[in-house]
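For reference, the chains in residue letters:
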Amino acid sequence: MDIFANLLGKLNWHIFPQDTLTRGATVSMGLIVIALFVFITFKKKWKWLWKEWLTSVDPKKIGVMYIVVALIMLVRGGADALLLRAQQATSVGTSHGIMSANTFQQIFSAHGTIMIFFVGMGLMFGLINLVLPLQIGARDVAFPFLNLTSFWLFAAGMILVNLSLGIGDFSAAGWLAYPPLSELQYSPGVGVDYWIWSLQIAGVGSLLSGVNFTATIIKMRAAGMTLMKMPMFVWSVLGCVLLIIFAFPILTVTLALLFLDRTIGTNFFTASGGGNMMMYINLIWAWGHPEVYILILPAFGVFSEVVATFSRKRLFGYTSMVWAIGAITILSFSVWLHHFFTMGAGADVNGFFGIMTMVIAIPTGVKIFNWLATMYRGKISFKTPMFWFLGFVGLFTVGGVAGVVMAIPPADFQLHNSLFLVAHFHTMIVGGVLFGYFAGINYWFPKIFGFKLHEGLGRCAFWCWFVGFLLAFVPLYILGLMGATRRIDHYSPSLGWQPLFIVAGIGAVIIAIGVAFLFLQLVVSIIQRKQNLDKTGDPWNGRTLEWSIPSPAPFYNFAVAPVVNDRDAFWAIKQARKAGDKVEKPKYEDIVVPKNAPASIIIGMFALVFGFGMIWHIWWLSIICFIGLLLTIIVRTTSDDTEYVLEASEVEKIETELRLKRGYA
Amino acid sequence: MTTPYNVATIKTHVPDNDTDSKTILGFWIYIMTDCVLFASLFATYAVLHKNTFDGPSAQQLFSLKYVLTETIVLLTSSFTCGLAILSLRQNHKNKVLFWFSITFILGIVFLALELTDFRHLALQGDSWRRSGFLSSFFALVGTHGLHITVGLIWMLVMLVRVWMVGLSKGNIRRLTLLSIFWHFLDIIWIFIFTIVYLFGALGI
Numbered sequence: 000m001d002i003f004a005n006l007l008g009k010l011n012w013h014i015f016p017q018d019t020l021t022r023g024a025t026v027s028m029g030l031i032v033i034a035l036f037v038f039i040t041f042k043k044k045w046k047w048l049w050k051e052w053l054t055s056v057d058p059k060k061i062g063v064m065y066i067v068v069a070l071i072m073l074v075r076g077g078a079d080a081l082l083l084r085a086q087q088a089t090s091v092g093t094s095h096g097i098m099s100a101n102t103f104q105q106i107f108s109a110h111g112t113i114m115i116f117f118v119g120m121g122l123m124f125g126l127i128n129l130v131l132p133l134q135i136g137a138r139d140v141a142f143p144f145l146n147l148t149s150f151w152l153f154a155a156g157m158i159l160v161n162l163s164l165g166i167g168d169f170s171a172a173g174w175l176a177y178p179p180l181s182e183l184q185y186s187p188g189v190g191v192d193y194w195i196w197s198l199q200i201a202g203v204g205s206l207l208s209g210v211n212f213t214a215t216i217i218k219m220r221a222a223g224m225t226l227m228k229m230p231m232f233v234w235s236v237l238g239c240v241l242l243i244i245f246a247f248p249i250l251t252v253t254l255a256l257l258f259l260d261r262t263i264g265t266n267f268f269t270a271s272g273g274g275n276m277m278m279y280i281n282l283i284w285a286w287g288h289p290e291v292y293i294l295i296l297p298a299f300g301v302f303s304e305v306v307a308t309f310s311r312k313r314l315f316g317y318t319s320m321v322w323a324i325g326a327i328t329i330l331s332f333s334v335w336l337h338h339f340f341t342m343g344a345g346a347d348v349n350g351f352f353g354i355m356t357m358v359i360a361i362p363t364g365v366k367i368f369n370w371l372a373t374m375y376r377g378k379i380s381f382k383t384p385m386f387w388f389l390g391f392v393g394l395f396t397v398g399g400v401a402g403v404v405m406a407i408p409p410a411d412f413q414l415h416n417s418l419f420l421v422a423h424f425h426t427m428i429v430g431g432v433l434f435g436y437f438a439g440i441n442y443w444f445p446k447i448f449g450f451k452l453h454e455g456l457g458r459c460a461f462w463c464w465f466v467g468f469l470l471a472f473v474p475l476y477i478l479g480l481m482g483a484t485r486r487i488d489h490y491s492p493s494l495g496w497q498p499l500f501i502v503a504g505i506g507a508v509i510i511a512i513g514v515a516f517l518f519l520q521l522v523v524s525i526i527q528r529k530q531n532l533d534k535t536g537d538p539w540n541g542r543t544l545e546w547s548i549p550s551p552a553p554f555y556n557f558a559v560a561p562v563v564n565d566r567d568a569f570w571a572i573k574q575a576r577k578a579g580d581k582v583e584k585p586k587y588e589d590i591v592v593p594k595n596a597p598a599s600i601i602i603g604m605f606a607l608v609f610g611f612g613m614i615w616h617i618w619w620l621s622i623i624c625f626i627g628l629l630l631t632i633i634v635r636t637t638s639d640d641t642e643y644v645l646e647a648s649e650v651e652k653i654e655t656e657l658r659l660k661r662g663y664a
Numbered sequence: 000m001t002t003p004y005n006v007a008t009i010k011t012h013v014p015d016n017d018t019d020s021k022t023i024l025g026f027w028i029y030i031m032t033d034c035v036l037f038a039s040l041f042a043t044y045a046v047l048h049k050n051t052f053d054g055p056s057a058q059q060l061f062s063l064k065y066v067l068t069e070t071i072v073l074l075t076s077s078f079t080c081g082l083a084i085l086s087l088r089q090n091h092k093n094k095v096l097f098w099f100s101i102t103f104i105l106g107i108v109f110l111a112l113e114l115t116d117f118r119h120l121a122l123q124g125d126s127w128r129r130s131g132f133l134s135s136f137f138a139l140v141g142t143h144g145l146h147i148t149v150g151l152i153w154m155l156v157m158l159v160r161v162w163m164v165g166l167s168k169g170n171i172r173r174l175t176l177l178s179i180f181w182h183f184l185d186i187i188w189i190f191i192f193t194i195v196y197l198f199g200a201l202g203i
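As they're listed, the protein sequences go chains A and B. Each residue of the first sequence is one higher than the last, beginning at 0 in numbering that gives the first Met the number 0. Each residue of the second sequence is one higher than the last, beginning at 0 in numbering that gives the first Met the number 0.
Isolated chain B (complex conformation):
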């Protein structure tokens, strides 16, 4: 049953059964799978973005000013999320609540801007049905928006949890994961901004 060897003599590898470190590793692996998911959508967009089927092209549709506003709002939310995590490290509950609330509001503003844009496109007849290009545009940007929505629901749940229970060990772990998720969505948006909107404006 037992072994003649002593655990103390083992220097090469020790198991790591700490819940926090396991969960954070697992979450990074999940983020990797999400990267592949977005990569597939980017690839789809790359293949279809010229298939306008006599409809409008990216150059005709997108306003860079509007998208820049969206981008600034989302980047700011990433910054405030970082501030929230700094407050978390200082174990300052009210500051955490404050900065995550700001992040939440900025996230809502971003989502509202995006949905307004989508609605505008759909109303002028340029919905996802119009062409392969617009289908892939709505799928890519929409999937990002869906992730933002999930992130916002998560943030709301965490705000209530922190407000009620405080900065417990479990909540610190969950907030750390949430901030990884939020920054990840920010990075994806940078790619969307570049590949969809900037390249689109240049007609590439």
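If we strip away everything but chain A, and leave its shape as in the complex, we get:
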């Protein structure tokens, strides 16, 4: 019996959820997964799924997989948000709401973790994968195998977070797990370990993606595309991936040190033994602050493309936009202390970080004004992406001003850890990051799938999100000023907070309807795809290279390597053609295509089980998986058989078929 207990580490029969709420969630999630497996088996689609998607190194397919995962996680994180709102709207006085304090803490920790790491980062890497190679006129990323491996590490982290729902519990220490609460003494369960290992595994994936896309942008731009001719989205991604390179190793170290504290008894962040818990908070924010810019920069890039295209004007102030991105990239490493002015670092230190925080608002303001100036006297067509953009401008400006308010240290002593802060960062992340990526999905969808998304339903989704957002978060600003702190699961009716919490709850429901509209838009668009086919490959009268090829983009992207002579490369080509430039007959060439990489999914699954073993202290399992991981990497990296050549005649055949199928000239 002893051996058996040791073999299974901390696993035993008590790990399954005890309360009805979590049980219900676990069972329904389990049923959905089982139904999916049965459906795929019944349809005999496993082979197709494996060959065409799970092992495909085509960045467009990897991007779609990222976005699918992110949207599913949006539902999971959104359900968490609804539960939090329901609890805070009802848990007053004698009523204790719908859940226990412990469940409430787990849910807000899971909500934050999932929304940042698996929704925000997922949508971001999804869009970068879809668009970046197309925009720079490349056929792939620099390291296709690494790219797919990043995705599978991301997926492994996602699965770990969701396993915690049914097996054991999740962290109750908030989305950044501050010690000493997250130390073994105060969080003896496996929750914090789930948090550590899901982020560690997904974080390594993000880091590898950062390396990959940096090399891609530096090495693989089309002929003639100098740095100052890159589309603005590419610039924003460059800023983002440079931040990833410099920020994510700090996260890796911080998580590893917390793990060591909890597992082998080191004293990094402990309250005694010579540890220093403020060092954790410094380290985690030295990663965490750049992280929010990592999320927002590509969204800025999306808006730059969307505004220019739908205003039918060249982006205003390109050079200043580039400098603004550069400034934000550098400054974002000099503001992390504003997350804990109350640490007591002294007036000078707080003053420095306060001023740096205000300074970073300047380049951001430059970008806002440039977008508005791009619209000025433009021929604006109000398509769905433009709606998301206009919503973004309003919300982001308000949220940004709220941020500058909190950058004043004395004011922050009042607002720190209040719902005002919660409202501020939701304004930035929902109004900025999510709106940006929704705009991007609407904008680039036809390039990937060959048909446009439904306009009307897209607008319905936007209005639900926008109105719901205001209802859900304006009350939180007010509540914060009234003194409500974040993460409270119960309060006294005498405070008079309940009506505002109820309004916020209604807002959350309207956002949920917005999410439903997003999915409805997708379903209806797929059903009606014949009516919205993108036959030209250029549905929005676009300006950049991705619109110069047929939709959906063929797996090799460009049949003929493009040449760039202008910032708005495709726009310049179209203008030249209008002026009478002749279209040459394409000269096809052999294309080197990377082969499918099953090693990536194997690495991802080994990492998943490895993490599971570490969480539950099943050491033998972790050791086996680690050796498996190592062997897979060795076998894969010493193999030279990873590419094949698509001959020019074959390319010509595919291109001709594409044209006939789509009814091109």
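The set of hints was computed from the structure by calculation and includes no laboratory data. Just so you know, these numbers come straight off a predicted model, no measurement behind them. Incorrect hints may appear among the rest.
Covered stretches of chain A, going by a simulated chain B footprint (3 or more residues, C-beta under 8 Å) [stated by the list, open to error]: (1) 135–142; (2) 199–212; (3) 271–282.
We put the beta carbon where it would ideally sit given N, CA and C, even for glycine.
Given the coordinates of chain A, assemble chain B onto it according to the supplied hints.
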């Protein structure tokens, strides 16, 4: 579809799709991320190195002679790794195998010395549990040792590969990356030697 422009007219920027140059750039970027990783650990050490919690300090624990031996062994391995790369440039397979084998043995000796030191510390009760200072010491030096271990496994794999397949284009690229990695670990060790051991001996 096609453009009215001619590739030959482009002088400003041409894409570089060569696998070698892409991989080497990517590897340098990875090395940069590893620099940040070690920087975080050095910062942790800098913050915690006085938090001895009534336990021994760096001055009481470390023997400079022992560390100097470790340092000389590792620096020599870096030198032999350089010789291996020179042989690689001359396309001399046996010399490459010979010098990388020497590098490998020196790496093993370094690792053995380090582990002996760790074991010694742990047995006399000064393990990572003892104080914040010792936690950060073991994390920093241990992470370097872990990198050395990874480098040694990589070297072993490459020795077998070169022995079996020879100096193929792919193997030349991989050996170049390996030597970058090995020299990088050497540089990190110089910082560890200075900041942990020399400063420690001086009681800074």
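To see whether the hints hold, each was checked on the structure:
1. 135–142: holds (count 4)
2. 199–212: Since three or more residues must qualify, the claim that chain B covers the stretch 199–212 of chain A holds, with 4 doing so at under 8 Å.
3. 271–282: Since 7 is at least three, the answer is holds.
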